[in-house]
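J.: Chain by chain, the residues run as shown.
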Amino acid sequence: MSVLAYGVVVWLFLMGIYGVVTSKNLIHLVVCLSVAQSATDVLLLEIGYRAGGHAPVFVNLPAHPGPAVDAVMQALALTDVVIGAAVTALLLALVVQVHKRAGTLDPDQLRATRD
Amino acid sequence: MSRRARLVFFAVAAAALAATLGVGLAGLPSFGAQVSAYARMLNEVAPQQRHVTDVVSAIGFDYRGIDTLFEEFILLSAVTGISVLLRPLSDETRRLPQDKAPDRTIPPPSPAVWLLAVFLSSLLLLTGLETVTHGQLTPGGGFQGGVVLASGLFVVYLGTNYTTVERFQPNALLEASDGLGASGYAFIGLLGLLAGVSYLSNVVNLGITGDAVSGGTIQLLNVVVGVEVAGGFAILASEFLDQTAVVRTRQR
Amino acid sequence: MSQAVVAVALVWVAAAGTAVVLTRDPLRQAFTAGFFGLALAFFYLSLQAGDVALSQIVVGAIALPLIVLLSLAKVRKGRE
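Chains as they are written, first to last, in the numbering used here: chain A, 1 to 115; chain B, 1 to 252; chain C, 1 to 80.
It should be emphasised that the hints constitute simulated quantities derived from the structure, not laboratory data.
Treat the numbers as computed from the prediction; the structure is a model and nothing was measured.
No residue lacks a Cβ here, since even glycine has one placed at the ideal position from N, Cα and C.
Watch out, some of these pointers could steer you wrong.
[Unchecked claim] Now the in silico label distances, taken between C-beta atoms and shown as ranges:
no.	chain 1	residue 1	chain 2	residue 2	range
1	C	5	A	101	27 to 37 Å
2	C	31	B	77	52 to 62 Å
3	C	1	B	249	34 to 44 Å
4	C	38	B	90	36 to 46 Å
5	B	3	C	5	37 to 47 Å
6	B	123	A	24	20 to 30 Å
7	B	45	C	27	27 to 37 Å
8	B	123	A	3	41 to 51 Å
9	A	3	B	3	50 to 60 Å
10	B	190	C	1	14 to 24 Å
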């Protein structure tokens, strides 16, 4: 189970980077980057998981609730998800302006601006 | 470098990274084992100390409130960056969509789409308000509720057209709410300094656990973060929408 | 039982992530990305993380496909 759990993190990250390296379209590249970024969220939450634990919300619990999972990791991952979307939007705004100037979305066709 | 060379380089680097990550991750405690001592202690003391039932909100806005302040400013910078990037360039103008055939009316949206848009946007606004104000009781809070509130505006665009949604998102109001939310967080933190304890302390009356108004500054900070995130994401979407509908290359 | 759910969620996340990367056309990738967001939300729920799952649902199903589609619309419009 540990191998599967942490292996998925490594797999997601490397697949995201592979998508960035072999991309032929800038919008595809930005979405692959967001896949790589979600690998870090997955790792954070996996570190904070306790087998048999319940969510760290203490209302209407049964008589013997058992341990709770890590709330600190959830607080870290929570803002990370929303900020990741905002940064992806910033990258897409860059892509839109690059397309206006260069006329193409292919990373291999882009050249450094001369003026 | 050529594509082949790049792929080979990537393969080598990825193998090295996977090996390093594997060694590093193997040193972690096994999946599902005991959580850290800090987390266990917070799960014990947070409901009594702060009169909240959702410990994640208490950590995000009270015990680690300073981190959330910085995250909020990251969001503000990202939205500002998008607004700057998508401004009309030197060879573009902003021109509202013109009615080229004024004697023919635009067909109204079909009744099914319109009804669904009205229903969904009201539902999303209500859910967003509920999520923002109940962040200290159940999973939810400012970040999630803010995005839900912004999506209420997106649904209006999906069900109608650009000119209708422009009436609902006056740019000045959205920018004001974004700035107000970000600065509101910083100012609520100052309440702690004014009360004589450290910045971002929970100095407001904590209330009874489980009440609709409880948790002190946790609920206040949830509300300002909700305002900021809603304003931020609405500005984000309206900038992209403006690009498709309004910003045109200047005709020579 | 919960271990089995977590294992299924993990496999779904890995498969959905691979699908997102291997979908080269950006328009189709927007749909695959929404599906990947759903997989992530299910995985977070199986790990008892309600707050994070809520964030992921609203971001991955609403905000991200919206901005990808709007960028595509702008790029295609400029091309014609």
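J.: Work down the list of hints and note, for each, if the structure agrees.
T.: Hints and how they fare:
Take residue 5 of chain C and residue 101 of chain A: their Cβ atoms lie about 49 Å apart, and the range 27 to 37 Å is violated. Under the hint 52 to 62 Å, the C-beta atoms of residue 31 of chain C and residue 77 of chain B, about 30 Å apart, miss the expected range. In this structure, residue 1 of chain C and residue 249 of chain B break the distance hint of 34 to 44 Å, their C-beta atoms being roughly 60 Å apart. At roughly 42 Å, the beta carbons of residue 38 of chain C and residue 90 of chain B sit within the given window of 36 to 46 Å.
Between residue 3 of chain B and residue 5 of chain C the Cβ separation comes to about 41 Å, which falls inside the hinted range of 37 to 47 Å. For residue 123 of chain B paired with residue 24 of chain A, a C-beta distance near 40 Å fails the hint of 20 to 30 Å. Judged by the Cβ atoms, the range 27 to 37 Å given for residue 45 of chain B and residue 27 of chain C is violated: they are separated by roughly 50 Å. Separated by about 43 Å at the C-beta atoms, residue 123 of chain B and residue 3 of chain A satisfy the suggested range of 41 to 51 Å.
Distance hint for residue 3 of chain A and residue 3 of chain B: a CB-CB separation of about 33 Å, inconsistent with the stated range 50 to 60 Å. Distance hint for residue 190 of chain B and residue 1 of chain C: a CB-CB separation of about 49 Å, inconsistent with the stated range 14 to 24 Å.
When each numbered hint is compared with the structure, violations occur for hints 1, 2, 3, 6, 7, 9, 10.
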